[in-house]
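Number of protein chains: 2
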Amino acid sequence: MIREIAEHRSHRRFRPDPIPAAVMSEMLEAAVRASNTGNMQAYSIVVTTDPELLQSLAPTHLNQPTAHAPAIITFCADVRRFSRWCELRGATPEYDNFVWFLGAMTDAVLASANLVLQAEAHGLGICYLGTTHYNAPEITEILRLPDSVIPVMALSCGYPATEVQLTDRLPLEAVVHSDVYREPSDAEIESFWAAREASPETAELLKANDLPTLARIFTERRYKGEDNRAFSRKYFDHLVEKGFFNQ
Amino acid sequence: MIREIAEHRSHRRFRPDPIPAAVMSEMLEAAVRASNTGNMQAYSIVVTTDPELLQSLAPTHLNQPTAHAPAIITFCADVRRFSRWCELRGATPEYDNFVWFLGAMTDAVLASANLVLQAEAHGLGICYLGTTHYNAPEITEILRLPDSVIPVMALSCGYPATEVQLTDRLPLEAVVHSDVYREPSDAEIESFWAAREASPETAELLKANDLPTLARIFTERRYKGEDNRAFSRKYFDHLVEKGFFNQ
Chain A
1 MIREIAEHRS HRRFRPDPIP AAVMSEMLEA AVRASNTGNM QAYSIVVTTD
51 PELLQSLAPT HLNQPTAHAP AIITFCADVR RFSRWCELRG ATPEYDNFVW
101 FLGAMTDAVL ASANLVLQAE AHGLGICYLG TTHYNAPEIT EILRLPDSVI
151 PVMALSCGYP ATEVQLTDRL PLEAVVHSDV YREPSDAEIE SFWAAREASP
201 ETAELLKAND LPTLARIFTE RRYKGEDNRA FSRKYFDHLV EKGFFNQ
Chain B
1 MIREIAEHRS HRRFRPDPIP AAVMSEMLEA AVRASNTGNM QAYSIVVTTD
51 PELLQSLAPT HLNQPTAHAP AIITFCADVR RFSRWCELRG ATPEYDNFVW
101 FLGAMTDAVL ASANLVLQAE AHGLGICYLG TTHYNAPEIT EILRLPDSVI
151 PVMALSCGYP ATEVQLTDRL PLEAVVHSDV YREPSDAEIE SFWAAREASP
201 ETAELLKAND LPTLARIFTE RRYKGEDNRA FSRKYFDHLV EKGFFNQ
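Note that the protein sequences, when read in sequence, are chains A and B.
Letter 247 of the first sequence, counting from 1, is numbered 247 in the working numbering, and no numbers are missing.
Letter 125 of the second sequence, counting from 1, is numbered 125 in the working numbering, and no numbers are missing.
Since the hints were made in silico from the structure, they are not lab data.
There may be inaccurate statements among the hints.
Heads up, the list lumps identical chains together, so a pair's fine if it works in one copy or across two of them.
[Stated by the list, open to error] Mimicking DMTMM-like on lysine to aspartate or glutamate, the simulated pairs with C-alpha atoms at most 25 Å apart in a straight line are:
hint: 1; residue 1: LYS224; residue 2: ASP168
hint: 2; residue 1: LYS234; residue 2: ASP147
hint: 3; residue 1: LYS207; residue 2: GLU94
hint: 4; residue 1: LYS207; residue 2: GLU220
hint: 5; residue 1: LYS224; residue 2: GLU94
hint: 6; residue 1: LYS207; residue 2: GLU87
Hey, can you work out the whole structure from these sequences and the hints?
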């Protein structure tokens, strides 16, 4: 397997050392090699390394340890640059709608995947920040993103301060379907999670959280219904406000 | 640069040879190594190789040449399997909302990026099918995707039948911003597109389309406003119907 794919893991503690300019440049060149819709490159990549701006961004990523990194790289769906070029050329751009959000988000995420593997080829570590979907309006404000530009993913990046083990995955048959979707039985679903439920890490988590099942740690501690709904409304409102929902 | 990233291109004509099982297995193992939200793996990968099903899928991808491949691999946001596990463990899953669509879509797209690079390491070629966002309800029906599972990306895969050149990209400064977003001037935007506008390929396109600018080929031929809006409504309705918008 490609070494960087096989050895990929999330890093949450970084050394303060900056990322050399030549390395960052190669990471960005790798990012733009990714496939994208119509070769329109309807995305932007904001590389933030200024200490004050990093300090401002940290709370948008819930002040997690990994939010404190030498660089936060924010990937945005961006139909603004392309639309302006259209206007300058006598064309009428109509990319202010949901299908273009989906396309531009896909392209931005594919670019991020390339950037990450290239970073890891240089010994850097990263962590994807799902919090980007929680606090997009605040990120928009800090990074001064204009209309028609919305953050869809961010990651922290730096030289790892600690060793991190590879994390486990569900068995392949849990996520892969042949030809069409086949609904797993309850017994199969239980078997997919059996190894993780039986692990010493889970035993520790249950004790620390005073809960009887790992599933309840997800639903009652990590990703709670009321938070999920509030973040959903907040992101969707921002999407509309940014001009990605005129349909 | 990582070889597979540097040499990545889209392939639209494939030989009929099937993908060996061991190669497909390694591609899928690479896919699941990607980062994902909470290590919940809220996605599913449907690998379609049955000739009749491939025949049914081709129109959903607009019968493009690349829709005729030995395999179509469809990546879905899937909160169904995880939610059922929660129910079996006395937990109340509340992942039927937009922020989980965004997270699961991100994870599915990251998985696809790994799969693609690993496929290319074996001499296979792929093409991302943006049409997945146009005809998701039809894909859902053909692949028998239940509620809480929605297609977010698909790709065709096989051994390339023809040689394909690397495509160009905008200059890096068009998509990269330092620290915060900096609005390009009109002159800068024009400079970003200058090389592509001046190319012999563009000259041919203008002639074939009887249009005066490349931008108008995008807005009047390739991605038209009325289509964009119709596909936007269609995908969003499907998202609601599938149970990803209870907020």
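Indices of hints not satisfied (ascending): Violated hints: none; all satisfied.
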